[in-house]
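Undergrad: Residue numbers (my numbering), protein chains in the order written: chain A, 1 to 315; chain B, 316 to 796; chain C, 797 to 1090.
None of these hints come from the bench; they were simulated from the model.
Since the model is a prediction, treat every value here as computed from it, not as a measurement.
All residues carry an ideal CB built from backbone N, CA and C; glycine is no exception.
It is possible that part of the hints are untrue.
[Unchecked claim] Stretch-level coverage of chain B by chain A, calculated; a stretch enters the list once three of its residues show a Cβ under 8 Å from a Cβ in chain A:
1. 405-412
2. 672-678
[Stated by the list, open to error] Just a sample of chain B residues kept apart from chain A, beta carbon distances all over 10 Å, derived:
3. 373
4. 379
5. 452
6. 499
7. 519
8. 660
9. 684
10. 716
11. 738
12. 739
[What the hints assert, rightly or not] Cross-link-like lysine-lysine pairs, in silico, DSSO-like; alpha carbons within 27 Å at most:
13. C:918 / C:979
14. B:513 / B:406
15. A:309 / C:918
16. B:406 / B:679
17. B:406 / A:62
18. B:696 / B:736
19. A:29 / C:979
20. B:406 / B:736
21. B:406 / A:279
22. B:554 / B:736
23. A:29 / C:861
24. B:516 / B:504
25. C:861 / B:517
26. B:554 / B:779
27. B:679 / B:504
28. A:62 / B:659
29. A:309 / C:979
30. C:861 / B:516
31. A:279 / B:516
32. B:659 / B:554
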Amino acid sequence: MQTAVTARKRTSLAGWLTEPTLAGMRRRKALLGYLFVLPTILGILVFTAGPVLVSFGLSLYKWNVFRPPTFVGLENYSRLVSDTRVLVSFANSARFVILAIGLQIVFSLLLALALRQRMATWMRYYFRTTFLLPFLLSGAATGVVLSYLLHQEFGVVNYYLGLLGIPRIPWLTSSDVVLYTVVLAYLWQFVGFSLITMLGGLSNISSEVLDAAEVDGASGWSWLWQIVLPMLSPTLLFSAVIGVIGGLQIFDQPYVMTRGGPGDASRTAVMTLYEAAFKNQEIGYASSIAVILFVVILAITAFQFAMSKRWVFYQ
Amino acid sequence: MQNQGFNRRQFLQMAGVGSAAVMLAACVPAQPAAAPAMEGAAPAKEVVVLRVQGDPANETPLLEPFRQVHPGIDLEFIAVTGIDHEEIASKILSMIAAGEQIDFGYSATEALQLYAGQGLAYALDELIQRDEAEVSEYFADVHPSLIEAMMYEGSVYELPFDFNAANMYYNTQLFAEAGVDHPADNWSKDDFLEVARKIAKKDESGQTTVFGYAWTNRLWGSWMPWIFVNGGNLFTEEKAPGGEWLWSTFYADDAAAAGRGGGYRWVTPTANSPAVVEALDLVVTLTSEGTAPAIEMGGGQTLQGFFADNKLAMTPAGGFWAGGLANAGFPNGSFDVQLFPSWKNQRHQFGTGGQWIAAQSQHKEEAWTYSKFRISQEGMKLWYGANGIITTPSRRSMLVAEAFAETGPAHWQVFYDTLDKHPDTAPIPAPPISNPMTTLFTSYTGRAMTGELSPQQAMDELQKELEDLVARSQDIMYPQG
Amino acid sequence: MQSSWPEKKNARAGHSVAEALPRHGRRWLLLLCLFALSVIMVGPIVWTISTSLRTPAASFSLPPKWLPTDMALENYAEVFARIPFWRQIFNSFFVTLSTVFGQLCTAALAGYAFARLDFPGKTLLFWLVMATLMIPLQATIIPVFVLISRIGLSDSLAALIVPALFTAFGTFLLRQYFMQAPKEFEEVALIDGANQWYIFSRVYLPLTAPGLAVLAVLAFNGTWNEFYRPLVFLITDANFTIPLGLNTLKGYMMTGSISVVLAGVSLSLIPVILVYLFGQRYLIEGIMVGGLKG
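For reference, chain A alone in the conformation it holds in the complex:
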């Protein structure tokens, strides 16, 4: 209370701030806080939040780029819910993300545990580097390369599978297969990054805990379920959140590989969004797809955080 009274007596702002008390320090920290977040908040408002509000606004208009927009209310949304192509694309995105992110987490965890095993340092270095290598390439470039390698008739992949007696797989030309191909291509490119994340998470758990439990004869499964996973849960949450957000927005690689085909079998939500906006010049309609996509991502992320209270343990 003493400090509060003195604070009111002071008249100059500088004095108010530089007051050598705890309250003064709190004020200084608060001011510094605002200054520190200012660039990011301003930048995000201007270049992300503002534009997305514009998209909200545009989703209520019909606008084909050439003529002034005309207000149509919720017409774009009512068209959207009966547009099978858009609905299929959202379903594809959901299937893709569940498969791709699920497998990415499982694989990268298994790989991380495998790399904990005893092996020469150079081997560990070699594996880590090679697994991360595809992550360094651009999605547009890997898309071109993979579509050659995965060609049904003359692709390198089917050639080697053929040597093993496996018939040619229509990687990119069958509606039943193509989404799995896109998932595999995603895993190829991104499992390395996730692996590094898992290794980081594992290294945070003291090795005594991990090893002691293992040596004490806990079976492999219970060791994994009762020791590793709970201790790794914050990392798993991070991977799931970032994975879903990124996975629902992935564009370059699948677009170059499949263009959404055959039919609509690999068309994702961002592809329909891109096509509506840039190919069909239906900016308003595209904006309504963008809004729904944003709401979906937001809902999933909020759900993940809400559920995380049940299974994520912070040390």
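Given chain A's structure and the hints, the job is docking chains B and C onto it.
TA: Just chains B and C now, kept in the frame of chain A:
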């Protein structure tokens, strides 16, 4: 805090709505900026800089000679790249939406009616009529089919610079091994099937090692040529009125100009007509029996490789493929070309491209000057001389033996014969809605090719979606009446 | 390095040979699997490089050849002839380094504030940042493009850099690192009479170096390979970044040679791999130390 009447949440809401309104206002297309150079007494010898959408690498050979003749005009290139013409068109539209200045650009048939119909492109009629003496030599050298494809509602919007008709390329080595000669000009669908099935090879496990035929899932030159030779199309074809001035001025003596009008109108979808379904059935059969591979989306680069590696006997492509195969290191003589086979008729299809002048341009006269130079004898020789035959020149006189001496094919005459010997040859359907139309077309093509839908089902659904699209897009379709 | 890799202690002494052998076998099997996987991961990249050294006509022969056969260096010469390669590499470096530097600055400041400073509205602002992480790029590109044109940045490298200086992901990431740094350091510094800026810049920022390294490498990788925004924002080829240049190589009507495209891809890989080789120690240690957590 209660009585302040304006809390933080309300403020944030206001700020949000306000910034959205500002941004929305910013999104409305800008008025073209007034040309700054025109203020006051501009120096008489000022150089006009044109903003041109084009590939600078391809245009460079024309620039020096052009500047020598026209020192008052310079060009600044806007290289719009994209995987296909739709991507290029979409980027141009985004630029226009953002208020970017473009004086003129290059577009294919697919975008012409969209640009013209939306008032983005400038009708060239008056300029052509004024410069009749200068351009009549050009028209005499260019087939009327190409010109008509560049018209919209009675006016000309582009002068064709190149075109590509869907012809049949074949691998000479595979033909020779199978003992097949160069097909006759009027070979039939059945002749084609016999050759394709004869050359296709399977190994002992039943997997195909050499394919008789392959194509790429897109609009031009996919299975569209089969629709045309079977007497069908995706839309009804009508002719807009007008254009008599053009035909009577430049093509008075040309029989091929008879019956031409003021440009195409693709009005009513006919995707599930028997001719279209039958054509789709043919290509589905070829794939299911293993004569043709499963069909991929995209630009056809994979096919180029397989063709070059003797794994593929025939594929539909235009003059641009000769240049592409040469770039791919495929020697002259290892491939050749023939007209697409006949079915109910032998009506071929093409796409063409040229320069359009922006309606908003402050420098239409200068843009026209460059466009004329580009389509002149000299301009075309410079362009194709430096870039090679990476597309088919629109001028008949450019297609001569020496142009193909290095790259082939031996039967290069086929390219222009497609027009000269078949005056009914027509452009691919390219209504103002051609972009969404193409997406639908390739999507349902894919679903039929994978067996997900029967050809009839696929085309029924395509028809329904096209009808919806047309109904929804009346504001950009043709003027009524 | 060695210390961050907890070696499994030798199993208890007195294991019988019979028990040891299957364990040994399992280990070899595991290594074999890992090795097979690493071949799958690297294979496409090796194929890219070896095919870039062939003529296209020789590129599709089966069985595939993994070693360069023709040494067709003309594919590389063609890359330099068709696009202003050095200029575009320079552009890519300029955009990438500016973006990385800018993101490190803004994200370090904001991340520190969200982690260690208290101010009214902090939670709200933090969730605003988190929410923008979920906005797809495609949803904002048209308004941003319009904005860029209006402020006169269209077709400039600044059009790519300026909107990318602010990063929700980086802020979120660095916040995690700052949160893990011990509070006690601040108290010690305060007793020594340090001011808040000093505490940020001299005490906590150095502690977060691993996090900065992670963000730097990720931002470098993401910006270097970015395709979508450059495609929309950049117009003249002298301003292109290298992924757009590679797109140009596909050629008019897609008549470019696939080998030339792959040669361009191979060339564009070199800088990223170099950065990775230099940066990987920091990247991996950074992730190890910080632990990415939700």
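Undergrad: Next step is simple, just say for each hint if it's right about the structure.
TA: Quick rundown of the hints versus the structure:
{"no.": "1", "hint": "405-412", "verdict": "holds (count 6)"}
{"no.": "2", "hint": "672-678", "verdict": "violated (count 0)"}
{"no.": "3", "hint": "373", "verdict": "22 Å, holds"}
{"no.": "4", "hint": "379", "verdict": "34 Å, holds"}
{"no.": "5", "hint": "452", "verdict": "36 Å, holds"}
{"no.": "6", "hint": "499", "verdict": "30 Å, holds"}
{"no.": "7", "hint": "519", "verdict": "12 Å, holds"}
{"no.": "8", "hint": "660", "verdict": "30 Å, holds"}
{"no.": "9", "hint": "684", "verdict": "27 Å, holds"}
{"no.": "10", "hint": "716", "verdict": "34 Å, holds"}
{"no.": "11", "hint": "738", "verdict": "33 Å, holds"}
{"no.": "12", "hint": "739", "verdict": "31 Å, holds"}
{"no.": "13", "hint": "C:918 / C:979", "verdict": "19 Å, holds"}
{"no.": "14", "hint": "B:513 / B:406", "verdict": "45 Å, violated"}
{"no.": "15", "hint": "A:309 / C:918", "verdict": "21 Å, holds"}
{"no.": "16", "hint": "B:406 / B:679", "verdict": "22 Å, holds"}
{"no.": "17", "hint": "B:406 / A:62", "verdict": "19 Å, holds"}
{"no.": "18", "hint": "B:696 / B:736", "verdict": "25 Å, holds"}
{"no.": "19", "hint": "A:29 / C:979", "verdict": "15 Å, holds"}
{"no.": "20", "hint": "B:406 / B:736", "verdict": "37 Å, violated"}
{"no.": "21", "hint": "B:406 / A:279", "verdict": "9 Å, holds"}
{"no.": "22", "hint": "B:554 / B:736", "verdict": "22 Å, holds"}
{"no.": "23", "hint": "A:29 / C:861", "verdict": "63 Å, violated"}
{"no.": "24", "hint": "B:516 / B:504", "verdict": "20 Å, holds"}
{"no.": "25", "hint": "C:861 / B:517", "verdict": "23 Å, holds"}
{"no.": "26", "hint": "B:554 / B:779", "verdict": "24 Å, holds"}
{"no.": "27", "hint": "B:679 / B:504", "verdict": "48 Å, violated"}
{"no.": "28", "hint": "A:62 / B:659", "verdict": "43 Å, violated"}
{"no.": "29", "hint": "A:309 / C:979", "verdict": "25 Å, holds"}
{"no.": "30", "hint": "C:861 / B:516", "verdict": "23 Å, holds"}
{"no.": "31", "hint": "A:279 / B:516", "verdict": "40 Å, violated"}
{"no.": "32", "hint": "B:659 / B:554", "verdict": "23 Å, holds"}
Checked against the numbered hints given earlier, the structure breaks hints 2, 14, 20, 23, 27, 28, 31 and satisfies all the rest.
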